[in-house]
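Protein chains in written order, with the numbering used here: chain A, 24 to 190; chain B, 4 to 257.
Don't read these hints as lab results, they were simulated from the structure.
Be aware that a few hints might be false.
[As the list claims (entries may be wrong)] Derived SDA-like pairs: lysine to any residue, alpha-carbon spacing no greater than 20 angstroms straight-line: (1) K12/B <-> E61/A; (2) K61/B <-> I62/A; (3) K52/A <-> R52/B; (4) K164/A <-> R52/B; (5) K58/B <-> L157/A; (6) K52/A <-> K85/B; (7) K176/A <-> Q63/B; (8) K164/A <-> K55/B; (9) K55/B <-> A103/A; (10) K65/A <-> L41/B; (11) K52/A <-> K58/B; (12) K57/A <-> T84/B; (13) K57/A <-> L54/B; (14) K52/A <-> F86/B.
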Amino acid sequence: MNTQPLVTLVPWTMVAQFLNLMIQLYLIKRFLFKPINEILEKRRQAADKEIQDARQAKEEADDLKNQYESGIAKAREEAARIVQSAQKEAQGRADELVQEAQAKAAGIKAQAEADIAQERKKAINEVKNEIGGLAMDIAGKVVEKEIDEADHKRLIDEFIKNVGEAS
Amino acid sequence: MEFDISGAKIFARIPTGIPILGDILITETIVVSWIVMLIITGLCIFLTRNLKVEKISKRQAIAEMIVEAATNLVRNNTGGTKFDSLIPFVSTIFATSIVSNLISLIPIFRSPTADLSTEAAWAIVVFAMITANKIKAGGVLGYLKGFTEPIPVMTPFNMLSELATPVSMACRHFGNILSGIVINGLIYAALAIASGALLGLIPGAVGDFLSNIPILSVGLPAVLSVYFDWFTGAMQAFIFTMLTIMYIANAAEG
């Protein structure tokens, strides 16, 4: 079999090798770089998406946290307000009750005093009448002389009055 | 004992009748080139089967590693993403070169890179890209004016150095591979002679028979092939690739 010289340039071989290189370039692009770069790009996008999702989730969580915190703070404030108002109301109510009770007690006391005064007056009047009658009887018995009853009464009243003033 | 190293075998000759270009020769170089292309393409297809975004296979990891290594090599040596379009070309040069160099480890194949025509074709492509980048960077006038710098007297020398770029690239690669073939051939021949002489010391027909078996060829050539085939093959592929990147990057800088 023929062989070509050890060191030689064969134009058609060069053309063939040039074409081979170009075909190889296309094949490597088509079968190695294109699919691998596509997959790398996909992975990069997926990673970006993951990061974005995570960031968004974090933001949402932060928002929720803020909402809950503000809600809790509001609720606490509300509770404090309610407690305060309840205390105030209770205090007011207690004061009212005390006042009412005091007023009632004062009323009862006044009533009692009035009753007592009336009873006393009544008793005094009764005693006065009895004493008047008694005195008249005694005087009738003692004087044995019928005197004008009206005069008597006047005298007796005078007497009782004097007695009352003296007592 | 005769020892000769010849060029690639010619399997067929297709006459074209075109002057200068001459006949088309279907040589070992071209046939083995096709085998190299089949190997590389088959490997690419094998490595990129069933690509997934998550839970990738070992094959896919290797494929991604190769792509990223090529990308990083180009980006690190050109300082940016400006030459990303070069990545597939540079990878093709490297892959073709290294597979062509190492295919001679299978004894029935002769490296396509042991034929100067192969490297010449590659170097001309690189030279065309260098020139295209220079013209793109400075315009046609700027490119032509570049030859007269720093002084017009230098013009012939500048043209010479410009032409020397592809010639040196092609010859460097070819020379290294050829030297590996020559040295390997010499070693095998020398060892065959040595074992013939050694075993010829045995008297009678036994010695005559045994002296035909190059028993000393076992072992030593394998050790030497680590340097002359493996190391040189990988090294020259890498050097050719690096020079391609460097020259084109320098050309684009103007």
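Item to check | Hints the structure fails to honour | outcome: 1, 4, 5, 7, 8, 9, 10, 11
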